[in-house]
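Novice: Below, each chain spelled out in residue letters.
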Amino acid sequence: MSHLDWTDLLFGQLRLSDFPPKGNMIATFAAMLVVVAALLTAGLITWYGKWRALWSEWLTSLDHKKIGIMYIVIAFVMLSRAVIEAALIRTQQAFAVNAAGVVGADHFGQLFTTHGSVMIFFMAMPFLSGVINYVLPLQIGARDLVFPFMNAVGLWLTAAGAALLMASLVIGEFSTGGWSGYPPFTELAYSPGEGVDYWIWAVTLSSLGSTLTGINFAVTIYKKRAPGMDLFRMPLFCWTALCTAILMIFAMPPLTVATGLLALDRYAGFHFFTNALGGDMMNYANLFWLFGHPEVYILILPAFGIWSEVISTFSGKRLYGYSSLVFATMAIAVLSFTVWLHHFFTMGQGANVNAAFGIATMTIGIPTGVKVYDWLLTMYRGRIRLAAPMLFAITFLLCFVIGGLTGIILANPSVDFAVHNSLFLVAHFHNMLIPGTLFGMIAAYMFWFPKAFGYRLDERWGVIAWGLWSAGFLLAFMPLYALGLMGAMRRTAQFFEPAYQAWLYAAWAGAGLIFCGLAALFIQLWASIRKRAMLAVPLGDPWDGHSLEWWGPAPPPEWNFPVIPKVKETEAFMRMKREGTAYEEPDSYEDIEMPRNTAIPVVIGAAGFVAAFALTWHIWWAALAGVLAMWGGVIWRSFETAPNEIIPAQEVSERWNAFLAAARKAQGIGRRDETTAANRGLAEHQT
Amino acid sequence: MSAAKLLHPGLNIGSADPEAHRQAGPVMFGFWVFLMSDLVLFALLLATYSAMTRHGTAGGPTPADITDLKSAAIETALLLTSSFTFGMASLALKYREDTGRLFAWLAVTALLGLGFLGLEAMDFAKLAGEGAVPQRSGFLSAHFTLLGMHFLHVAAGLAWMAVVAVQLAMWGLCRAVRLRIMRLALFWHMLDIVWIALFSFVFLAGAGS
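Chains A and B, in that order, give the protein sequences.
In terms of the working numbering, the first sequence has 620 at position 620, counting the first letter as 1, and numbering is strictly consecutive.
Residues are numbered in the working numbering as their position in the second sequence, beginning at 1, plus a constant of 1000.
Note that these hints are calculated values from the structure, not bench results.
This structure is a prediction, so every number in the text was calculated from the model and none was measured.
You may find that some hints are simply not true.
Derived SDA-like pairs: lysine to any residue, alpha-carbon spacing no greater than 20 angstroms straight-line [stated by the list, open to error]:
hint, chain 1, residue 1, chain 2, residue 2
1, A, Lys224, B, Val1027
2, A, Lys224, B, Leu1039
3, A, Lys224, A, Val563
4, A, Lys665, A, Pro555
5, A, Lys531, A, Ile464
6, A, Lys224, B, Phe1029
Only part of the chain B face toward chain A is listed, based on derived beta-carbon distances under 7 angstroms [unchecked claim]:
hint, residue
7, Phe1029
8, Thr1048
9, Ser1050
10, Pro1134
Note that the Cβ used here is the ideal one computed from N, Cα and C, for glycine as well.
Between the sequences and the hints, there should be enough to build the whole structure, so can you do that?
Specialist: If you want it as structure tokens, here you go:
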């Protein structure tokens, strides 16, 4: 007996049987894949002797550019996992019409839950946080975000959440309650295992990190703009980042409350959302979607900013209707808080309430429509270059309008009653999030990669990736509209309607194409690294860019700019190029104060992971230790007296002069040649 | 040191030094933004509480049954007084260069805060002793969670105060410490405002229901 007590005390509910091998081959294979991939990565780093460099130059860095890149690395790892899961979901349904399919119902539940949770919280959120992190300070002419330490804490909390999700693939099982985790199904009575707890703590870590990140972005935009950079001179991407940040500040707390109260129900026997003793699951639906709907705009607004930059740059034109785009973005941000109820039209409100929210939902179509017209008019009579990011933009414009129209259809409560929770809905939101958010992020990755690493990505593989993703998306999701209208419900492990079969096969093939599209992205990266000398654009302006991030060398130095530029208009860098001041020496240089590296954010993230993992498995001592260590890290930081270091003016001057010398020697190229080896990152002189 | 140099308007970060003020701006503003986010948390818990008072009592105690106005009044007095004493600490920070007075007012504030926590803990224990535990009904879950969240915030404020006191002793009134005390003051006053909402909607409304 006493032996068992000790085991409980030390390991909580964790037992050897929770470790692989798992009950079925696919789960065991997935677990082994995670373990092997982790070991392989660690082995490669050891083989090349890169641990020290990784630690001192990347993991402990407070540089917004490195933090941005690390966010995007997380996003790509998690994207790979979630795409594989998506392929498995499609495979299951394609072979489960009047048959058992390839996975059991419980396993299928875990698949759609992790797919959704990963894609939202650990793919899209890190991706957009990473892009904003990298681009925003450069675009507004700042040296860093206003709170670099907090920025790193946000990154490592997100990383801890992502690590928890990966751990769940190896140890124990994950929730089957969907990415929205509705009680009472996710209450202890119906989901007694560790799965829902994994979900709760992974999501909580991510939402805490996102709250901090949102505060950081917003304050940076309000307080750190370069002289002359009025709000209405910011590139449009900064406006979308601002609106996203504001949404994060207000919309993340509802998620924290929802998961926190659910945790109290599960851990302490409270009755917030239970079936008995006054529990009220409708309150969960309200709290969750009070987060969930603004979240949709957190995901899409940065992508709108990216599309604005990409379309304007590759059309060789100033963005059409700048201020209408700003107001449309703001309008969407405000409206996003007024429509949450449309996620549960069918859950018992009166018809009048539904009508009000239905109308509010349809109004969002207006500012979004304004944006689409603005982008089209930006392209109108432009000299459009069909580089890979621009190709993605065109797929986006075509598909996003279809998705928007189906959204307007769903906004009608009486129609929603017919197709609620069907595959029609699944098709709709994938139609918004894949061409909108994901393609936007991929376009951002291809667009800004040359700035971040000093060489372009291989164009041919970029176009192949575009073709596969676009065709794959259409083939995978258009059939889902039809299936939804035929009555196929989402999250269904098995169907008994033979008429679905052809459509499901089509969607399955689409998933295969998307998988190939993902592979193409990795091949593109590999090919580009191998050809990096040929693709090099050290002079930093490969696309004849408009805004400040293209000014200066690629990759930019830690301090971003030799001097903080004075801004006179929206297209600040274009103006510098026209006036011939972009490649000149400033009057004088000053010493620059930059944040020193610190290990504390990594420690806080690691402690967060320990706390979350221990809470999941009821290992109370480790949970307490983890939480204390997190706060200990914060207090420890407050005792650091010299968090900054000085970069001498001499060093800044030398680096800038070296860049200027290279720029003077180089030959500027016309935009038609930007995808050829002649592109060294200097635009042809304009007059 | 001349009076004019000390009696500057605006942020209380010592001598009227525009550079110091320029650097302090984002930090203070950032904390205001954080407070806004924190208030959303309380707003949602309050909304949950209010729904639970109507639909979540499950045949158990109602707000009227568990409201102890006398205890709540004393707690309110303690917390509001602590906000006043923190105000005195802020004045000492702004107008005095010696730390003794600042320490004293912070200590009084901390004692009042501890008193508040002690009384509230006794309230919780008394309710639990009567069988009104959070596991009894959705309403009681919400009651304990809402007040408990405020309780945790006050406790965190006290821990913060302890850290700042240590740093004040170590480094004196340097800019970092001044800024931390100023942000702690904001935090402390916000908890007061939240408490006024709780006093109105939990205790006064409870007694009147």
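Novice: So, for every hint listed, does it hold in this structure?
Specialist: Consistency of the hints with the structure:
1. A:Lys224 - B:Val1027: Given that 20 angstroms is the threshold and the Cα spacing comes to 12 angstroms, the pair holds.
2. A:Lys224 - B:Leu1039: 25 angstroms, violated
3. A:Lys224 - A:Val563: Within the cut-off at roughly 14 angstroms; holds.
4. A:Lys665 - A:Pro555: 19 angstroms, holds
5. A:Lys531 - A:Ile464: At roughly 17 angstroms apart (the allowed maximum being 20 angstroms), Ile464 of chain A and Lys531 of chain A satisfy the hint.
6. A:Lys224 - B:Phe1029: The hint holds at about 12 angstroms.
7. Phe1029: Phe1029 of chain B check passes; min Cβ-Cβ to chain A is 6 angstroms, inside 7 angstroms.
8. Thr1048: 6 angstroms, holds
9. Ser1050: 11 angstroms, violated
10. Pro1134: Hint on Pro1134 of chain B: holds, closest Cβ of chain A at ~5 angstroms, below 7 angstroms.
Consistency note: the structure conflicts with the earlier hints numbered 2, 9.
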